[in-house]
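Student: Sequence:
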Amino acid sequence: MTPEAERRAQKNVRWTPAPDSGILPDMNNLVPASKGLLRPRVPSLETNLALLAGLVAATGLPPYPWTGLLLPLGLGLFFGLLARAENPGRLAWFFGLAHQTVVLHWLFLLIPAKTIPTRALVPVQAVLAILYVSVFYLVLGWVFGHLRRRLGPVRSFMLLPILWAGLEVLRAGGEMGFPWCLSGSCVIGTPLLFLAKTAGELGLGVGMAFLAATLAAFRLRRGSVGDWGLPYVALVVATVVLWIGLVGGSFMRPQTVIREGDFKPVAELRAGVVQANVDLQDKWVDARIDSTRIPYQELTAQAADAGAEFIVWAETAIPAYLRYDKPLLNWTRSVVRKSGAFLYAGFPDAERMPDGGLRKYNSSGLFAPGGELLNRYPKHHLLPIGEAMPFSKYLPFLAKLDVGQAEWSPGEAPMPQRMELQDGTFDFSGLICFESAFARLARQSVRAGSQCLVVLTNDGWFGRTAGPRQHAALAQMRAAECGVPVIRCANNGISFLADDRGRILTELDLGRRGFVVGDLRPGTGSTMFVKWGNWPLLIFLMIWAGLVMNFKNGRESVEPSCPSREVVG
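At the far end of the sequence shown sits residue 582, using the working numbering, and the numbering has no gaps.
Simulated from the structure, these hints should not be mistaken for lab results. A portion of the hints provided could be inaccurate.
Ranges of calculated distance between the beta carbons of each label pair, as one might list FRET restraints [claimed, not checked]:
# : residue 1 : residue 2 : range
1 : 420       : 186       : 17 to 27 Å
2 : 264       : 307       : 18 to 28 Å
3 : 519       : 564       : 50 to 60 Å
4 : 61        : 148       : 16 to 26 Å
5 : 370       : 534       : 19 to 29 Å
6 : 370       : 183       : 25 to 35 Å
7 : 159       : 564       : 26 to 36 Å
8 : 292       : 460       : 37 to 47 Å
9 : 558       : 534       : 36 to 46 Å
By construction, the Cβ of each residue, glycine as well, lies at the ideal position given by its N, Cα and C atoms.
Generate coordinates for the entire structure from the input sequences, incorporating the hints supplied.
Tutor: Structure (structure tokens):
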């Protein structure tokens, strides 16, 4: 063939899989037509199945009740596709896009701020958030592809549950941490929620990943001779051992907190939650301050009449820098004195720094029945971009960017606050809004002595979407993990009291104005998760990785073959 003829032939190259490759046909490449026109890209079956797997896995997460089994099914389909994928990173990215779009679709429906730039940024921020989280799935696929080339298809597949655990750990870490509805949250609202006591939300997610890998391997090993025998048996055994450990660990009651001092915890606390349902457009308008004061004053009095010893208001329930606003401060103290109860409420706060700068906080405070402000807790983990610009401490120019965020400063990590009641003491820790998604914050505060978690939030910007329900479900997970009750107060809902197993005792749904009162027993925090965190899980995964690395390489029956070239004349 002459060089000129070879160049003409190269222009008509069509890539097709080898007949015996065992992989799905790739239809994503543009195929030249006879007249020089290009056929449109058509998503391959593999791509469509990855999108389907992401959708199925997402519907197994909150807020959809009793759909948890869909998570391992969707994840199993994803793992099976990944094992045969010619481009694992690309396939994992499509899975992540579908998965996170379904989970976070409500971000497109946020009620925008009044400014036109912020309103225009709502869909932009939603897209960026989904793309950001999807990058973690892309990295998982890329790492898997690298391992498959180094270790072979079987051993690399056996490491997928470890890669999945790493993905979820990375999602929860750093200033950009976003552990919203990790895979372990699929058990919320089911009788399996109590298993979170063993290894937390992450441990349940790893259990689901092993279950998904077992389902996928059952399908992959068909047609393979000798490659999957011992590894598959080991995977099944590891899955069974892990789930037995999760069940058994939930019945253990290790001593996690050693409380010193001469005090006696109360046997039971009667707590009340006020859901004022203040319109977000009225809340920050000075001329409409009574739209906040009247419902809070009336509902607090009613909750006190119902016997509440401890009453909770929502995040920024008092829409002013309370310590510097004398009229509102005096009004708050008057409401507290009339109720005769302790009050824990959210409000903005600020303090002057030695260098003359002003630090502003999304804060909260505990008032004694006499009206004294006993403690303050400013929010520690701020919502990335929404409440503070990430990494502005290292790159100061980022703080000058205005995308509608509130420039709060972070406070110290949540620690116990004590109430001295007639019958004894009651220690609790506050978590403000987004912080209830972080298991480590709840665990640290319970290890420090908290007997209850109090979540203050304002989910009104989410409207009547899946967002508030997902957020509320995560508070239930924190209760089950830490073995302490949770009091959740939201401006527009959902507010509730939950016991130390995450079971809701009484609640107010979205868009309702009212209060709920109930009796809570102080939690002991006696769970394996509070005692040891994720260390037992880490040890298990290290042992599993060691076993996998000692498997012998078998015939590479699931590794995709290189595509063959066919010259079209």
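Student: List in ascending order the numbers of the hints, as given earlier, that are violated by the structure.
Tutor: 2, 5, 7
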